[in-house]
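Participant: The residues making up each chain are set out below.
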Amino acid sequence: MNNRNAGSVISRSINLLFGDENIARWETVKKIIRNPNSRIGLIMIGILTLVGIFAPFIAPYDPYQQVLTESLEPPGLSHLFGTDLYGRDVMSRVIHGAWIAVKICVIGVGIAFIVGNLAGALSGYYEGWIDTIIMRIVDSIMAFPFLVLVIAIMAIFGPGLKNLYFAIAIVSWCQYARIVRSRYLSEKEEDYVRAAEAVGFSDKRIIFGHLMPNSIAPTIVYASLDCALVILVAASLSFVGVGAQPPIPEWGAQIAEGRQLLQVGWWIATFPALGIMYTVIGFSLIGDGLRDMLEK
Amino acid sequence: MMNLLEIKDLHTYFEGNGAIVKAVDGADLSIREREVVGLVGESGSGKTTIANSLLRILPETGRIVSGGIIFKGINIRELSEKEMQFKIRGNEISMIFQDPMVSLNPLFTVGEQITSVLKLHQDIGQKEAKTKAIDLFRKVRISDPEKRFDNYPHELSGGMIQRVTIAMAMSCEPSLIIADEPTTALDVTIANQILNEFEELIGEIGVSVLWITHDLGVIKRICDYVNVMYAGTLMEQGTVKTVFENPLHSYTFGLLRSNVIYYEPKGKIPTIMGELSEIPHQGCKFYPRCPIGDEGCLQESIELRKIDENHSIRCIKPEDAKRLSRSKNHGFQGVC
Chain P
1 MNNRNAGSVI SRSINLLFGD ENIARWETVK KIIRNPNSRI GLIMIGILTL
51 VGIFAPFIAP YDPYQQVLTE SLEPPGLSHL FGTDLYGRDV MSRVIHGAWI
101 AVKICVIGVG IAFIVGNLAG ALSGYYEGWI DTIIMRIVDS IMAFPFLVLV
151 IAIMAIFGPG LKNLYFAIAI VSWCQYARIV RSRYLSEKEE DYVRAAEAVG
201 FSDKRIIFGH LMPNSIAPTI VYASLDCALV ILVAASLSFV GVGAQPPIPE
251 WGAQIAEGRQ LLQVGWWIAT FPALGIMYTV IGFSLIGDGL RDMLEK
Chain B
1001 MMNLLEIKDL HTYFEGNGAI VKAVDGADLS IREREVVGLV GESGSGKTTI
1051 ANSLLRILPE TGRIVSGGII FKGINIRELS EKEMQFKIRG NEISMIFQDP
1101 MVSLNPLFTV GEQITSVLKL HQDIGQKEAK TKAIDLFRKV RISDPEKRFD
1151 NYPHELSGGM IQRVTIAMAM SCEPSLIIAD EPTTALDVTI ANQILNEFEE
1201 LIGEIGVSVL WITHDLGVIK RICDYVNVMY AGTLMEQGTV KTVFENPLHS
1251 YTFGLLRSNV IYYEPKGKIP TIMGELSEIP HQGCKFYPRC PIGDEGCLQE
1301 SIELRKIDEN HSIRCIKPED AKRLSRSKNH GFQGVC
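As they're listed, the protein sequences go chains P and B.
So the first sequence is numbered by my numbering: it starts at 1 and just counts up by one.
So the second sequence is numbered by my numbering: it starts at 1001 and just counts up by one.
If we strip away everything but chain P, and leave its shape as in the complex, we get (with noise of 0.2 Å):
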């Protein structure tokens, strides 16, 4: 009952902003909305996008202070998440490795999105030898399993956060740019986009006024997936040491700190392991819901 009420209320809010005449394009996100799945998920990455955005002004202590003689405290009250060996606050850190977190999933997500969107619109419409280069570009990156290019690109590159951005784009707008081309070369056919060729529609406007948003729906769930995979990607190459840096707090680094810890102090590497728990849980929701409502 409460939570049909919420969706209520939003989906009013929205009706206030976009106004009545848009009413039938925001039935979608409406429907989203309504979606018990993508609603709990959407809560989910909201709250820790807020979280992210004013880390600042919600953890208790900076993350990178070092307090010696409070080093590996328990969580109490003091410090509700306790401290690590150098006396940091688990609980503050945690929270600043939420906008990290978010900056993965929005950059490297939002580079393959982009990229692999541009590449499958290109290599679906126009076939023949654009066609050609690009599936074979996505096939060889393709050919290696995922997590293991990131390692050998950022071996490359060198570690740090901003490579890391780079490397998991690189990677991964192969499964968009497939996803999208096979969109485009079943939906081309239809006969819409000869009816649009026919009224003297430029091959740019065809490709991102018609076709586009007809193709997009598959690859906004894949995304939300792929942000749960990203997040994943992301802390196992900084736990094994090629992601982000220390002290940065992103949390697979928080977890490799904490992993020789585990028997005296639990609570440094359970925290951002919860953390990341918690993430991927939110996104695969947004996915799962988002797949019920876009696609047939």
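If you are wondering where the hints come from, they were derived from the structure by calculation, not from laboratory data.
Ideal Cβ placement from N, Cα and C applies to all residues, glycine included.
There could be a bad hint or two in this list.
[Unchecked claim] Computed list of lysine to aspartate or glutamate pairs in DMTMM-like fashion (alpha-carbon distance at most 20 Å, straight line):
(1) Lys204(P) with Glu1060(B)
(2) Lys204(P) with Glu127(P)
(3) Lys1147(B) with Asp203(P)
(4) Lys204(P) with Glu1083(B)
(5) Lys204(P) with Glu1155(B)
(6) Lys31(P) with Glu1155(B)
(7) Lys204(P) with Glu1112(B)
(8) Lys1119(B) with Glu27(P)
(9) Lys1139(B) with Glu1204(B)
(10) Lys1087(B) with Glu127(P)
[Said to hold, decoys possible] From the structure, some residues in chain B lie toward chain P, with a derived Cβ separation under 8 Å:
(11) Leu1055
(12) Ile1057
(13) Met1095
(14) Phe1097
(15) Asp1099
(16) Asn1105
(17) Leu1107
(18) Val1117
(19) Leu1120
(20) Asp1123
Based on the hints, put chain B in the right spot on chain P.
Facilitator: Just chain B now, with coordinates in the frame of chain P:
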């Protein structure tokens, strides 16, 4: 009078997996100003390919191999892609498609789609385009045009959408409209209404029309001139009156014979036996299915020749066909 459009010996082939399909293999056709020209033939005879060749919107695998398409004195084959987009498509030549339910983009309202065409080809703003679009909707008898303007294609019926596509085709006052079986996907009553309105509209704005169809009834009703197509070539062409009353090609005769409206059947309805795929390499393409053909028909390639001012055929034995059309034993077998 000068011809608006002249197609001379057009060859359009499709290639794929090493095979070549000659979809249009030597078609000659002309359309004069303010004339409604019918193009009739069975499925797969290349009617739509001619239409697509005119606008150069052939699929990837198809290409125009030879021949000329002269529109208002300009050879369409020599125009650049840019010139095609801005000057010809939608502006000078527009097209109405067969299935109204899939010829509009499902994600945009019909209003957005028609105004986008208007804005593309004419230098007008959104407001002006909207008034113009609503005027057009009114012209094609869409009830409550202001409200329909904001509807999505799935909210309208097939007849309504076909009216919208007709409005779109007429929006930029083209010189030629290609109507690719626009009534085939509609039910008979709606098709009838749309035909009535279409007839009125083309009289009103004075546009030439190339009407592609299977339906001889439609041809007889709205066309001035008819072209009968078989296996990528034109078999017979002439004014509707001469061709329908005095068909000189056995294929045309067979088509007419199999239509209950023109020849009251006694017993079984006669059909043209065989399939379109049986085409000899040389000579008359209709030979395997022709009731009057003999070896002579396969000797050499047969040219389209003029019988009189308004009538030409691609057959060497018009007398036999004439006799056939008068005899009771028409040579076509009945099946049902």
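Participant: Hint by hint, where does the structure go against what was stated? Just the numbers, ascending.
Facilitator: Hints 3, 5, 8, 10, 20 are the ones this structure does not satisfy, whereas the remaining hints hold.
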